[in-house]
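Engineer: The task is simple: from the sequences and hints, build the whole structure.
Here are the chains, one letter per residue:
Number of protein chains: 2
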Amino acid sequence: MEVELISVGTELLLGNIVNTNAAYLSEQCALLGLSMFHQSVVGDNEERLAEAIQTALGRSDVVILSGGLGPTKDDLTKEAAAKVMEMPLKEDKHTRKLIAEYFKNSGIKTVTENNWKQAQVPEGGIVVDNDNGTAPGLILEKDGKSVILLPGPPNEMQPMFAKSIFPYLNKLQPEMICSCMVKICGLGESYVETQIADLIEKQTNPTLAPYAKTGEVHLRITAKASDEKEAKKLIKPMVRELRKRFGDYIYSTDEHETLAESVLKLLKERELTLTTAESCTGGMLAARLTDVPGASEVFKQGLVTYSNKAKRKLLDVKKTTLKDYGAVSEKTAKEMAKNGAFVTGSDVCISITGIAGPDGGSEEKPVGLVYMACSLNNKVTVKEYHFQGSREKIREYSVVRALTLLRSCILESDGKES
Amino acid sequence: MEVELISVGTELLLGNIVNTNAAYLSEQCALLGLSMFHQSVVGDNEERLAEAIQTALGRSDVVILSGGLGPTKDDLTKEAAAKVMEMPLKEDKHTRKLIAEYFKNSGIKTVTENNWKQAQVPEGGIVVDNDNGTAPGLILEKDGKSVILLPGPPNEMQPMFAKSIFPYLNKLQPEMICSCMVKICGLGESYVETQIADLIEKQTNPTLAPYAKTGEVHLRITAKASDEKEAKKLIKPMVRELRKRFGDYIYSTDEHETLAESVLKLLKERELTLTTAESCTGGMLAARLTDVPGASEVFKQGLVTYSNKAKRKLLDVKKTTLKDYGAVSEKTAKEMAKNGAFVTGSDVCISITGIAGPDGGSEEKPVGLVYMACSLNNKVTVKEYHFQGSREKIREYSVVRALTLLRSCILESDGKES
Chain A
0 MEVELISVGT ELLLGNIVNT NAAYLSEQCA LLGLSMFHQS VVGDNEERLA EAIQTALGRS
60 DVVILSGGLG PTKDDLTKEA AAKVMEMPLK EDKHTRKLIA EYFKNSGIKT VTENNWKQAQ
120 VPEGGIVVDN DNGTAPGLIL EKDGKSVILL PGPPNEMQPM FAKSIFPYLN KLQPEMICSC
180 MVKICGLGES YVETQIADLI EKQTNPTLAP YAKTGEVHLR ITAKASDEKE AKKLIKPMVR
240 ELRKRFGDYI YSTDEHETLA ESVLKLLKER ELTLTTAESC TGGMLAARLT DVPGASEVFK
300 QGLVTYSNKA KRKLLDVKKT TLKDYGAVSE KTAKEMAKNG AFVTGSDVCI SITGIAGPDG
360 GSEEKPVGLV YMACSLNNKV TVKEYHFQGS REKIREYSVV RALTLLRSCI LESDGKES
Chain B
0 MEVELISVGT ELLLGNIVNT NAAYLSEQCA LLGLSMFHQS VVGDNEERLA EAIQTALGRS
60 DVVILSGGLG PTKDDLTKEA AAKVMEMPLK EDKHTRKLIA EYFKNSGIKT VTENNWKQAQ
120 VPEGGIVVDN DNGTAPGLIL EKDGKSVILL PGPPNEMQPM FAKSIFPYLN KLQPEMICSC
180 MVKICGLGES YVETQIADLI EKQTNPTLAP YAKTGEVHLR ITAKASDEKE AKKLIKPMVR
240 ELRKRFGDYI YSTDEHETLA ESVLKLLKER ELTLTTAESC TGGMLAARLT DVPGASEVFK
300 QGLVTYSNKA KRKLLDVKKT TLKDYGAVSE KTAKEMAKNG AFVTGSDVCI SITGIAGPDG
360 GSEEKPVGLV YMACSLNNKV TVKEYHFQGS REKIREYSVV RALTLLRSCI LESDGKES
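Protein chains in written order, with numbering that gives the first Met the number 0: chain A, 0 to 417; chain B, 0 to 417.
Keep in mind the hints are simulated off the structure, nothing from the lab.
Check each hint, because a few of them may be wrong.
Which bits of chain B does chain A cover? Going by a derived footprint, with three or more residues having C-beta under 8 angstroms, they are [unchecked claim]:
hint: 1; region: 84-90
hint: 2; region: 192-206
Dumping the calculated EDC-like pairs for lysine to aspartate or glutamate here, alpha-carbon to alpha-carbon at most 16 angstroms [as the list claims (entries may be wrong)]:
hint: 3; chain 1: A; residue 1: K72; chain 2: B; residue 2: E200
hint: 4; chain 1: A; residue 1: K264; chain 2: A; residue 2: D413
hint: 5; chain 1: B; residue 1: K201; chain 2: A; residue 2: D73
We put the CB at the ideal spot given by N, CA and C, even for glycine.
Structural biologist: The structure is reproduced here in structure tokens:
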């Protein structure tokens, strides 16, 4: 079955935003085993939109459009699709009710008239509720082909795709696709690839594909079978083989579990409480941890000690340490972690201090130099890193490496106790 | 003049990478005043590539392709373009020499045979040297149209575009385009759209287009003229008109300035230091502020008080306040901000406390209820919000609204002083 994507929005043609929706949807379609040969981007123009949909329908079975479903005059995707599919627009009472509820719950009293445009749906189309916004998704079926309309904002589109569109597309398929993501931290991309070269060489069903993420490597195992049970049976031995090869470097085999989530789980199982003490990442590590619902069971507080004064006042880092070794040093990182655990009464404290740039580097301490330390049961482990790239990239790597350090310290302390 | 983009690579169709090249090239073309109505993505398949180039040439003056110029068998962009343009491939001695030099300088002694494929160029094409890799760029001209081939890796493509392709395209253009982004915070998308409906209705040159961001609305003004000065002259009255309509809700007219950046600038100008006191956003606000290089001049520390105990211990929130009103209350938000400024000795403290969900809500205090307070010169302003959507969305909106609150408090205190 062939699928193709049309991303809608003049902001894409102007380069105002990066098309992350296309990457997400492509990955999901690949997971579903759908073939994709074309993607296109069209601006907010009804005529060109209709033409693009027409062309896509001529060569593909499923056409997925994202963007252009909002309340403004520029939002014309639905109008264009309705014309091409010959399904005139009509108000959907259920959607109108949901929109009214959405605004009511948001505490917005005056709903401007243009918002009701979002309740207009092509007659005969399947309405897909939007749990995170006002524009519903739509599935328009005709002559054995489907046109799927999704809202543009990723935080509305992705949950909608996962909840409603993925199962819809899987049902259209003759064979069931199942996959599993084996997530690895603490090993480099090329090392992992070398270690699985033989498995990739002889892959048939299931297949194995590596994906490099910042500071992590994910391996996707995908199997095709007549039903889910059979597909899962094909996946199992491959997971076992990878566990044999990578052991504790595998932090999860759950598609949705993040590294932060897995670390919080380890802490919770051991009934350990956590504090973060950040300098150059300025709260990013705490934010990453609190992305996870229920983090409060483990994570009690975070200290962002951006200035030297704050490091002294909030974390009792010695004045002489800052003077003699500098804020970016092994010694400061150690004191931050050790004192962070002590002053807050936490079992564990992880600290990060470094030079994120673009300024502030020197020959001795260049941009990208980052120290991190983990204090657990009064034992402090410290690491030195030299990251490359932009401020954003250095901060992002620091967060992932800090979580990796935290994880390895917890696992190591298990070994010590047993 | 019309331009269109073709991004080449099966990795894009599989969602393995995000198409940042398209965003970069689109932005550059918009800057050049070129009209772009289409973008497409094609895999590494010669036939489909040739078809895509053919279609693009039928409707555009310039076709820019990126990717597929490397040494492997999968790299077929040049082959497809050469066929469509009827310019047979021939070895270019200059390029062969550059490739040999590149490998020599990289310390690589054995150059595999397939690398010399990169020295093959379409006869009559303009060769564009690659300063950061081995595959040269190419400009193929025929019948008043141009096909431009660029390497896929961004670190090779972008410098090549800036150095050679931008000037080439600028010479082809009769008119210059200029644009300006007016950034608004604290007003809803539909409200803003209603307020500028008349301007959009009668727009010609310059044009006006709204873009909704989380908690913000951006308005792009774009003008075409014979030169930059004339174009800027056309933009000026529109900016003035928008300032008249939206006043202080406009936080920037600088393309690259973020809300966090503009708030830090306001604080810096007034020599005010800032502390953050976060609960439900768990460090996101501090992280957003420290995204900005040089934030340390203003932002000294952040306290992530996730537990009640941390609120008491680090921020001196009264036990009775937490008991009688709860952690998510106006009173707690106020104490967090007021005490946060006091205990850290900062001029300003902004606090956030709320229920980000998915659990933890009640009928009285539902998920999405967020209080935030700003303490400035001992005056505390508090706001109550009811956000909708996922945990992620509630946290993201909280951060943007907190920055907006911070901004309005700073501006208000200016008024008081004068």
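Engineer: Each hint: holds or not?
Structural biologist: Against the structure, the hints:
| no. | hint | result |
| --- | --- | --- |
| 1 | 84-90 | violated (count 0) |
| 2 | 192-206 | holds (count 3) |
| 3 | A:K72 / B:E200 | 10 angstroms, holds |
| 4 | A:K264 / A:D413 | 14 angstroms, holds |
| 5 | B:K201 / A:D73 | 15 angstroms, holds |
The structure shown violates just one earlier hint, number 1.
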